[in-house]
Structure formats: C-alpha cells, structure tokens
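Trainee: Each chain, written out:
Number of protein chains: 2
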Amino acid sequence: MKIYRYGEIPLSTLLIRTIETSGVSDTVREIIDDVANRGDEALLDYARRFDGAALESLEVSQEEIDRAYESTDPAFIKTLETAAANIRAFHERQMEQGFRMAGPDGSFMGVKITPIEKVGLCVPGRTAAYPSTVLMTAIPAKIAGCRELVMVSPPGADGRQPDAILAAAKIAGVDRIFRTGGAQGVAALAYGTQSVPKVDKLVGPGSAFVAEAKRQVFGLVDIDMIAGPSEILVVADETCDPAYIAADLLSQAEHDVLASAVLITDSMALAEAVEKELSRQLALLPRKDIAGESLDKNGKIIVTDDLPSAVEAANALAPEHLELCMDDPLPYLALVRNAGSVFLGKSCPEALGDYLAGPNHTLPTCGAARFSSPLGVADFIKRTQYTYYTREALARVKDDIARFARKEGLEAHARSALIRFEEV
Amino acid sequence: MKIYRYGEIPLSTLLIRTIETSGVSDTVREIIDDVANRGDEALLDYARRFDGAALESLEVSQEEIDRAYESTDPAFIKTLETAAANIRAFHERQMEQGFRMAGPDGSFMGVKITPIEKVGLCVPGRTAAYPSTVLMTAIPAKIAGCRELVMVSPPGADGRQPDAILAAAKIAGVDRIFRTGGAQGVAALAYGTQSVPKVDKLVGPGSAFVAEAKRQVFGLVDIDMIAGPSEILVVADETCDPAYIAADLLSQAEHDVLASAVLITDSMALAEAVEKELSRQLALLPRKDIAGESLDKNGKIIVTDDLPSAVEAANALAPEHLELCMDDPLPYLALVRNAGSVFLGKSCPEALGDYLAGPNHTLPTCGAARFSSPLGVADFIKRTQYTYYTREALARVKDDIARFARKEGLEAHARSALIRFEEV
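As they're listed, the protein sequences go chains A and B.
Going by the numbering used here, the residue at position 165 of the first sequence is 174; the numbering climbs one at a time, nothing skipped.
Going by the numbering used here, the residue at position 336 of the second sequence is 345; the numbering climbs one at a time, nothing skipped.
Bound conformation, chain A alone:
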C-alpha cells in the first residue's frame, strides 16, 4: 500500500465516492412496473429467474421461523442475543418524547411523536446475508413502536433463507418475512402485492439494483439512505501496534473491492510498519483476493505533521467509520464534526461496532455524514406539531396575523383571524 505525505494527493481522492446505478436503471424500472402490475405472480417469476427457486409460498410461516431458530447453533443464538441486548440498550436512549409548552392566556403548543406504522426491511441474500443487518435495522424500528415490520430477503435455490437470518429476525421481533429480494422486493414493499403489505418506509442495504429501486420508489414511500461503498479512516499515533491497525484496515477491505481503507498517522515509522503488516496479514485471509484488490486500488497511508490535521482531514472527508487510535482519544473526538461512527482508543476495532457494541452499523457513506446520521430510532418516528389557542390568546395576535398576511397579499389568511372578532 502506498505511503503519501499529507498534501501530496488531494484529500478528495482518498475515499471512493461513487454510487453507480445508472447502468441498471431501465432494468429496475421494468421490474418495479411488473411487480406493481402483476404482484405476487411477478415475485414468483423473479424468484425462479434470479434465485433459481420454485416457491410454493412467498411468506415464511411461523413454524419455519421457529424451526430455523431451533436449528441454529445455540452459541450463535447467544451471541445474537448479546448483540440484540446491546443494540436495544443503545437505541432506547434515542427514543424521543415530544414536548408541550405553555403560551399566553391558556394557549399551548407542542410536538407529538408517533411511530411510522409499517416499515419494510430489505435484507440481502447469498454472501451478503448478514444477520447483523437484521438486528441493526429491525431493533430501532421496534423501539420506535412501529406496528408492523415486514422483511424481504431473497431465497436460495432451495427456496429457503439462511437459518441465521430467520433466527435474527425472530430475536429482533420482525413481524412478517417474505422470500423476495432485490429490486422486486423493494417494489413489493412500495406498492404492496396480494401477499406483501405496502409499507410507509423501507430501509436496508443492498446491491446496485436495490439502491436504484429505492431511489425510484422514493416519494411513494420513504427510504433510509442510498448506501455507497464502505469506508474506514484510521487515525493513529506512533504508540499504536501496527498489527492491530493493519487488521482493522483489512476488516474493511475484505468487504468489497470498492471498499476504502485509509490510515492517516503522524508517524512515518508506524506507516511503514503497518504497510509491512498488511502484506503479512493479507496472505492469511480467506478473502485475500477481495481485500488485496481493495487495498491496491483504494488503500492509502498518509503521513501528516500532527494528529489535529489528521482529524481535520476526517472532517473534510466525513467518513462512514473513523478510528481514533491513541491513548487519549477524547480531545480528538471533540474535534470531530463529520463522521458516521467513531471508534475510540486502541481496543476498539471497527468490527466491534459492526456487531456487538450497540451503536448502529447502517451509516452514511460517500461524505453524507456532512448532513446525515446513522440509522436510529429517529428514522422510524415522525413529529406532529399541535397548537391550541384560546380566544384571549388569539385576540393578542390577531392584528399581527392580519398584518403579516396582508404583507404577503393573502387577505383570506387575515380574514380567518379577524372574522372571529367580527372585524371583517
């Protein structure tokens, strides 16, 4: 992996920032139209065509879910439950309460929090069938109080989804599960079919097809975000163990050849040692081809004069994952303005956050951390404002309302206040 001096290459080239879906846009539009028109029949056809599965039913029965749970290695069930408990504890802290405040003369106003009623969870299949995704998307929705959580995930050629996915869904409290994925799963949730209920919002990661389908149905339903390639920025000082840093970078690189793993350090010695460690550890990985290509193409090590400029680079890049590896990371956290999730200290590999710590792993990519947030309870609730005015309270402001409305040329607005006092 190449070592650069800070400033030698433009910051903007450090992380991969393309979400390429234009090539699939027409195909996706056809699939969506087809599902909107033919419903279940279209879903069954796509299961045959894309998943090689001849399905008897689209919905997974409670018995099948229970059986999958029973068939799952009990040690893994325990791990799922530990993770779910931590995710729950963290997200419970995010629940919003709304407020009511008093105004003059007996008036009051406030905000009332209501869960979004029906939520769709898109869970990828095959090699990206991650039970962690099920926990991370379903648990915040459950805490928000959503009435129905509907999961879609593609079946294997045998018509079944992995046991671990179904077990995670059971633990997270998913209400209904369907055997369909990709663009057709998104379309089913957005339009509803004979079997699949139409939802108000859909969340979850996926291929370019899923990303493009979400973009196309946005408006008809709400979506969480369009996720781009995964990214990590590690900021480390000379006291760090190069083997740990290399392992963390590789854990990102193994995801995808488009993933970006970047180290910024103020120590040339650490930079060189990490570079060596990467070669050594890469050779030991089952996914060394993917990780190797990702490092080759997108991996970089940058050497700065000091750590604050490394954090400033992080703010400019707004990375999805940011590790601050040093003995005393809190002063640096105080400098962070733009990042999805920050991992602090030397015992905090990013993989801890992917699974166990509790914070969400569905995070803004492509610099979206400048303006958006990790998936959380806020994504599954909405605020409704309310205002109550007494006659006395309205009397105080009626002339202001009329003056404002007339300034804007809206006489009927003025009249709606004044008529209550027989002034029009």
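By construction, these hints were calculated from the structure, which means they are not laboratory data.
Everything numeric in this text was worked out from a predicted model, so none of it was measured.
Warning: the hint list may mix true and false statements.
Repeated chains share a single entry, so a pair holds when one copy, or any two copies, can fit it.
[Said to hold, decoys possible] With a cut-off of at most 20 Å between alpha-carbon atoms, the simulated EDC-like pairs for lysine to aspartate or glutamate come out as follows:
1. K179 to E79
2. K306 to E73
3. K121 to E105
4. K285 to E431
5. K121 to D337
6. K11 to E284
7. K306 to E50
8. K297 to E417
9. K207 to D298
Using the hints provided, position chain B relative to the given structure of chain A.
Mentor: For chain B alone, coordinates are given in the frame of chain A:
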C-alpha cells in the same frame, strides 16, 4: 362546494396529491449544468433572462440589508419580531443533546450532536416572496448552530429583492444573501460558484423548477423535502360557527388553484351552512379567482356519522394541516397519528400557524406525514455515534465478535478483535 356522505367517494381522491415536475426536467438539467460550468456568469445571464434584471453584483451588501430593514414599516418589523420570538421559543425546545452511556469495564458509547455546517435557504420571489418563509427556514437552522446560512431569492426587474424579505433575513440571522432564485439558485448552492458558497443542505419551497432542481441535486447535497400543493382538512362539529370554518377553508384555497380545502363534519346542518358561507365570503376576496377555482376543483365537504371516523379519515390521508374544531379537541388529538400540524379548538385558524404561533409552517404534503415531519431543528443537525472500549471490555466480547464475523464469512473482522489478544 359539493357535499358528500362519508364513503360516497374514495378517501384517496379527497386531497390533490400530484407533484408534477416531469415537464421541466430537461430544462432544469440544462440550467444546473450551466451553473455548474459557468458559475456566476450563468447566474447573471439567468437574472437577465428570467428576472429581467441587469445585476451589478450577485451578493446583497450589509448596507443594502440594513437600508431595507430601515425602510420597512416599523409595525411590520414588530410583527416580524413577535413571530421570530415565538418561532425561536418553539424550536429551542427541539434542540437535541446527544447522550453518553456507560458499558462494562470502563467502556462507554454515545451520540454527539453537530450542526450541519452550511445551509442554503431557497426563498421564492414575486407573488410568493413570503417573509414568513425566511423566518421558518432560517430560525431552526440558527438554533441548530449552523455556521453559515446562505439565502438565495430572485431579484425583481430593478435588481432588488423586497425590503420585507431582507428585513426578515436580518431578524432571523441569515449570513449571506444572493440575488438568484429558481433552479439556478438551487444549482448555485449545490455546486458553489465564484460568489455563492457550496452548502451541505438546502431547504425551502418553490416552483416546479425549484422542486425538480432539488430532486436533481439530492445526494450531492441534502434537501428538506419536495413540497406538493398545500392541503387543509378541517374536522368540525355542529357547535362550530360556519363563518369561521368557511374563512379557514378559504385561507387555504387562496394559495393556489391546486390547493385542497376539505371539511369533514358529523353535522349536515353545519355542512350546508359552511357551503353558503363559502359563497358569501369568496366574493369578498381579492384572490377570489384562485380561491374559487381551487374550491371548485378540489374543495369538498364530507358528512360522517361521527367525529372519530373523521379523524380516522385524517389518519388515512395524513394531511399537511389538520384543524380539530370543537370545544374539547384533546381526545381527538390523541387519535391523530398522521398529520403535519394540528390546530386545536375554535380559536385556532391555520393562518395562526403560518405566521405567529411558533410551530413551523414548512410541512409534509402529499401524504408524506405518514413518514416525515415538519421542518425543525432536527433537519439542521446530525448525529455522530462514538464507542470507547477498554481492553477488559473487549476481552468480554471478542469471542462473540469472532463468532458473528465468521458466521458472516468475514474472517478479517474476526481477526481484528482476536489479534489484540494474540489469538490469531
């Protein structure tokens, strides 16, 4: 206005729900590309072409802003200040604090709140040059702590924006103001030009051109929402004064021929009396042509058997504005799940919320209240997660991380935890 019995026409036809921008999509794309390429020069050309203004400079100077403020009727300045104080008080209650929670063995995690740095405000010109829009978009951003608020608004043929708009911007604390609007204003904020700074998020209403431009730049920057035609649903019982209800319906109808004003009541007597009042009051309005066409096309009165079914209809429609007009509205508010802003009681015309009460008037339309919220402080901040683990805390969960990672086929993830204990 026609009176229907509940169930006689499908609920889904009650409010107008189309955001038509497809016809302008190519034009908007050309404008955006042009501004992205030519910057200020393109903006000056569009000011000439669309606004008929030969501009000397794009930015409005502080002297011009101060002069506009001085030239504004002092009574209106006072009204602006009253409104701003109420909007501030309501939105200050929305500020989020983040949290930190302790985990085992000295670990902790939390959420840190950071304002979005640069925000763009799109303020329409000509007949829709509403100072209220300036207050409603700028004040929440200011409370969130955004570093720079950049406003764009089209100039008149004399190259100037209305004094009231500039005065409102001064009161709300807008930092910079530019003489450009429409799709070109959106493009300038999204790409930046020699004069106009590139922002992270842009908010505000506008024409079909602005709506389509926001849609096209979404991703490059964040946007608030794509606003559709305005809607009001009034739920009223027999004790209401028909003149007040008619005035409230008209205040919505005068906005736009596409606006929808609908009354649902359990009283046929009220329905008939409101119908008569509408004709009487309509004739008195300066904008009677617009209001009349809106009522003709989109206005409806529905008579139900009881008020709870009227509220259920509101939940199904998720209206932008909902009035609950009766002596004791709170039990009905408790039933409301989907609405942007609710106005309670008989002395609470919707116009109160447009200007004075404090809650925001930028609201989800087209049924988006099922899944989205009024504009507020939450739109101008983002959450960053952080996690700190000690070596002891990591030791507790390292095996869970490894088990989870291996279940997902991600060995490098497992190794990043285990390597810290020399277990790989």
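Trainee: Next, verify each hint and record whether it holds.
Mentor: Structure-based check of all given hints:
Within a single copy, K179 and E79 get their C-alpha atoms as close as 11 Å, which meets the 20 Å cut-off; across copies the closest is 65 Å, which misses it. Taking the closest pair of Cα atoms, K306 and E73 never come within 20 Å of each other, the shortest separation being 43 Å inside a single copy and 52 Å across copies. Taking CA atoms no more than 20 Å apart as the test, K121 paired with E105 passes in both settings, with 9 Å inside one copy and 15 Å between copies. Only between protomers do K285 and E431 lie at most 20 Å apart by alpha-carbon distance; the minimum there is 18 Å, versus 84 Å within a single protomer.
Taking CA atoms no more than 20 Å apart as the test, K121 paired with D337 passes between copies only; the shortest distance there is 18 Å, against 41 Å inside one copy. Within a single copy, K11 and E284 get their C-alpha atoms as close as 8 Å, which meets the 20 Å cut-off; across copies the closest is 76 Å, which misses it. Proximity of K306 and E50 under a CA criterion of 20 Å is satisfied in neither setting, with 43 Å inside one chain copy and 38 Å between copies. For the homomeric pair K297 and E417, the shortest alpha-carbon distance between copies (16 Å) is at most 20 Å, but the shortest distance inside one copy (65 Å) is not.
When the C-alpha separation of K207 and D298 is checked against a cutoff of 20 Å, the pair qualifies neither within a copy, at 40 Å, nor between copies, at 39 Å.
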